[in-house]
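First to last, the protein sequences are chains A and B.
Plus 12 on top of the position in the first sequence (first one is 1) and you've got the numbering used here.
Plus 2 on top of the position in the second sequence (first one is 1) and you've got the numbering used here.
Because the hints were derived from the structure by calculation, they are not lab data.
Beta carbons: idealized from backbone N, C-alpha and C, even for Gly.
Check each hint, because a few of them may be wrong.
To list a few chain B residues with every Cβ distance to chain A over 12 Å, as calculated [as the list claims (entries may be wrong)]: (1) Arg11; (2) Glu25; (3) Met32; (4) Phe37; (5) Asp55; (6) Glu58; (7) Leu133; (8) Phe173; (9) Ala181; (10) Gly226.
Distance condition first, Cα-Cα at most 30 Å in a straight line; then the derived DSS-like pairs of lysine-lysine [unchecked claim]: (11) Lys151/A x Lys193/A; (12) Lys151/A x Lys12/B; (13) Lys142/A x Lys114/A; (14) Lys145/A x Lys182/A; (15) Lys182/A x Lys142/A; (16) Lys38/A x Lys86/A; (17) Lys86/A x Lys12/B; (18) Lys12/B x Lys142/A; (19) Lys12/B x Lys38/A; (20) Lys144/A x Lys114/A; (21) Lys86/A x Lys114/A.
Derived list of chain A stretches under chain B, where covered just means 3 residues or more per stretch with a C-beta under 8 Å from a C-beta of chain B [claimed, not checked]: (22) 85-91; (23) 104-110; (24) 123-129; (25) 183-193; (26) 274-285.
Residues per chain, in single letters:
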Amino acid sequence: MNISAPPPAIAIDAVTKRFGDLTAVKNVSLTIHQGEVVALLGPNGAGKTTLLDMVLGFSEPNRGAIRVFDRAPKRAASEGDIGAVLQDGGLLDDLTVGETIKMIAACHHRHLPIHEVMQRADVTGFATRKVKKCSGGQKQRLRFALALLTNPHLLILDEPTAGLDATARKDFWATMHAEAKRGRTIVFATHYLREADDYADRVVLMRQGQVIADGSVDDMTADLQRTLTAQWISDVDPVAWAVSVGVSRDQITYDHQLQRLQITTPDTDRIAGHLLSAGLIRQLTIVQPGVEEAFFTMTQDSQEVTP
Amino acid sequence: MTTATTTPRKSQAEILLRFVGWEFWRNFRMLDATFFVLVLPAAMYLMFGVAMDQGEMPAGLGNVSAYVMTSMAVYGAVIATTAMSGSAAVERSMGWGRQLNMTGLADAYYILGKMLMALLMAVSPVLIVYLVGAFTGAQFDSFFHWISSAALCVAVGIPFSLYGLAFALLFRSETAVSAASGFLVIFGFFGNLFIPLGGVMLDIARFTPLYGPAMLARWPQTEGILIPMQAGAEVQFESMWVLLANIGGWTAIFAMMCVLGARRRTTR
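Work out the full structure, taking the sequences as your base and the hints as a guide.
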């Protein structure tokens with residue numbers, strides 16, 4: 013079977029999706045390889061859910077094509093190649109947790125033994141509880157159990173921890189981590205940068221229906237402004253010196269009384285190197301903006317970004 | 003990737019059967035709904051059709067018990083189709099449809115399964131009421147009348163799946179569907195289902211949604227006779243086209259409500 017290279021888990025080719033006048037996804041191309049753990053990051057309305065809905069076969073693109081394991085998404089979904097944890101809802105209140113799993117299992121062509129799925133998703137403890145009486149975290153575990161039923165190669169999670177408290181969120185990711193280790197391809201949508209940073213190998217950043225960045229969180233924050241602060245101990249004029257190494261004047265502030273120099277630039281490492289080797293300063297600090305701030309900056313319209 | 007062992011592959015037909023099995027169990031277990039659909043019509047038949055003294059009096063091509071029996075079977079059938087279609091639509095809007103979309107149950111089979119369920123649920127109360135009737139003195143002049151009346155009870159229940167669907171689409175909640183079932187009691191009263199109406203009440207009744215279905219289901223027995231309130235009163239006849247116009251008109255209204263509800267949902 014493995015004569016040729018394995019097909020990508022998801023191949024999205026120039027996909028556009030419109031709802032009336034609104035273009036929710038604009039000409040997105042994206043390839044996700046088997047075994048990758050990818051976060052789809054972006055604010056509400058960025059097009060994450062629309063894109064995932066098409067990957068799951070719930071809707072069709074207006075233009076472009078999507079293949080999942082080189083199959084049509086609908087077919088991949090009905091054959092159990094994809095497991096999905098859907099955003100809230102998707103459960104029947106009148107069933108118990110165990111019955112929900114059994115009923116969905118009954119509708120699959122093939123599935124893992126029920127007890128094994130229950131164990132893996134950690135729902136055994138409340139299997140006889142009615143869905144109506146479950147907490148948000150328990151419902152999310154149940155949805156996860158349903159996603160695991162067919163032992164899918166690809167797991168898709170749409171904002172899996174929305175509305176969960178910190179403990180439930182941590183537990184959920186611990187379980188997910190174990191699944192990633194089994195070699196599953198995992199794609200999750202989130203608007204928490206922290207989650208993307210902590211759990212994904214690769215982050216795809218979306219804004220207004222387009223992919224605006226694709227890589228690791230470190231890559232994405234590399235170009236962001238950092239602030240270098242130090243006490244100036246030399247007789248050389250600090251501003252003139254900074255300009256001489258290529259820093260523009262508006263990136264520099266110097267407090268004469270405190271002898272404190274501040275430079276804000278993406279390129280703080282190089283400047284710090286110069287400063288230290290020349291022995292011009294002491295008490296050097298470099299502050300990187302918080303990841304949340306970085307994300308905020310990236311998802312703003314360019315004209316709104318403060319200089 | 004671990005190669006875990008899965009169950010043997012099921013065919014589409016097996017999936018459909020299992021799905022209907024689960025649906026039946028779910029609906030059967032929802033006691034309040036089951037009570038209204040399966041127990042209440044039979045109980046009302048016993049109250050109005052047997053416990054009252056006139057049960058054995060002749061009425062058209064059968065007796066009064068048979069007349070009441072058919073009325074209650076109609077009531078059970080319309081409640082069943084209303085509840086089934088309504089809850090199916092609510093389930094879908096709550097995202098259960100998406101969950102099922104991720105399984106081997108294809109869309110067409112889902113709809114087929116739900117239709118089978120609605121039919122099963124509409125047939126059940128008719129079967130129960132007719133069975134109880136057969137053992138408690140309900141009589142038709144021929145065996146054919148049992149069959150044709152029972153079949154008509156199920157048939158007139160079908161347009162009410164649009165009625166349940168309309169409520170579900172317009173209000174998107176399980177409570178709205180229960181309310182729709184609740185209104186059927188009022189329609190049943192005005193539809194000449196529970197007690198024989200006369201005068202102005204009967205004039206109003208002709209315009210209510212259960213009048214046509216009830217009269218049509220009783221047609222094999224009554225052939226259009228309106229059973230009067232008091233024995234010995236003047237007998238009135240209803241023409242078939244009034245009944246068909248009533249059913250057609252209300253079916254159109256329910257369908258329009260569905261379209262309105264569906265449109266409201268997409269514009270949000």
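Do the hints match the structure? See the list:
For Arg11/B, the shortest C-beta to C-beta distance to chain A comes to about 5 Å, within the 12 Å cut-off, and the non-interface label is violated. A Cβ of chain A approaches the Cβ of Glu25/B within 12 Å, the least distance being about 9 Å, so the stated non-interface status is violated. Remark: the non-interface label on Met32/B conflicts with the geometry, its nearest Cβ contact in chain A lying 6 Å away (cut-off 12 Å). Even its closest Cβ contact with chain A, about 15 Å, leaves Phe37/B beyond 12 Å, as expected for a residue assigned away from the interface.
Its beta-carbon lying about 43 Å from the closest one in chain A, Asp55/B satisfies the requirement of being farther than 12 Å from that chain. Listed as outside the interface, Glu58/B is consistent with that label: its C-beta sits roughly 43 Å from the nearest C-beta of chain A, beyond the 12 Å cut-off. With 12 Å as the threshold on Cβ separation, the claim that Leu133/B sits away from chain A holds: the shortest Cβ distance comes to roughly 28 Å. Against chain A, the non-interface label of Phe173/B holds: every CB pair exceeds 12 Å, the least being about 17 Å.
Against chain A, the non-interface label of Ala181/B holds: every CB pair exceeds 12 Å, the least being about 18 Å. Under the 12 Å C-beta cut-off, the non-interface status given to Gly226/B relative to chain A holds; the minimum distance is some 43 Å. In summary, the hint linking Lys151/A to Lys193/A is supported, as the alpha carbons are separated by about 23 Å, within the 30 Å threshold. As the CA atoms of Lys151/A and Lys12/B are separated by approximately 27 Å, the hinted pair is consistent with the 30 Å bound.
Taking the CA atoms of Lys142/A and Lys114/A, the gap is near 14 Å; set against the 30 Å cutoff, the hint holds. A distance of roughly 22 Å separates the Cα atoms of Lys145/A and Lys182/A; the hinted pair therefore holds under the 30 Å criterion. Of the supplied pair hints, the one linking Lys182/A and Lys142/A holds, its CA atoms being roughly 24 Å apart against a limit of 30 Å. Between Lys38/A and Lys86/A, the direct Cα distance comes to roughly 21 Å. Compliance with the 30 Å bound is thereby established for this hinted pair.
Proposed proximity of Lys86/A and Lys12/B is supported: the alpha carbons are some 18 Å apart, at most 30 Å. With a C-alpha separation of about 28 Å, the suggested pair Lys12/B and Lys142/A falls inside the 30 Å cut-off, and the hint holds. For the proposed pair Lys12/B and Lys38/A, the alpha carbon gap of about 39 Å is over 30 Å, so the pair is violated. Between Lys144/A and Lys114/A, the direct Cα distance comes to roughly 17 Å. Compliance with the 30 Å bound is thereby established for this hinted pair.
Proximity of Lys86/A to Lys114/A is assessed by CA-CA distance (about 22 Å); at most 30 Å being required, the pair is judged to hold. As drawn, the segment 85-91 of chain A meets chain B at 3 residues by the rule of a beta-carbon pair under 8 Å; at three or more, the given contact holds. For the segment 104-110 of chain A, the stated coverage by chain B holds: 3 residues have a C-beta nearer than 8 Å to a C-beta of that chain, and at least 3 were required. Only residues whose C-beta sits within less than 8 Å of a C-beta in chain B count toward coverage, and the segment 123-129 of chain A has 4 of them, enough to reach three; the restraint holds.
Counting residues of the segment 183-193 of chain A whose CB falls under 8 Å from any CB of chain B gives 0; the rule of at least 3 is not met. Only when three residues or more bring their CB closer than 8 Å to a CB of chain B does the claim for the segment 274-285 of chain A stand; here the count is 0, and the claim is violated.
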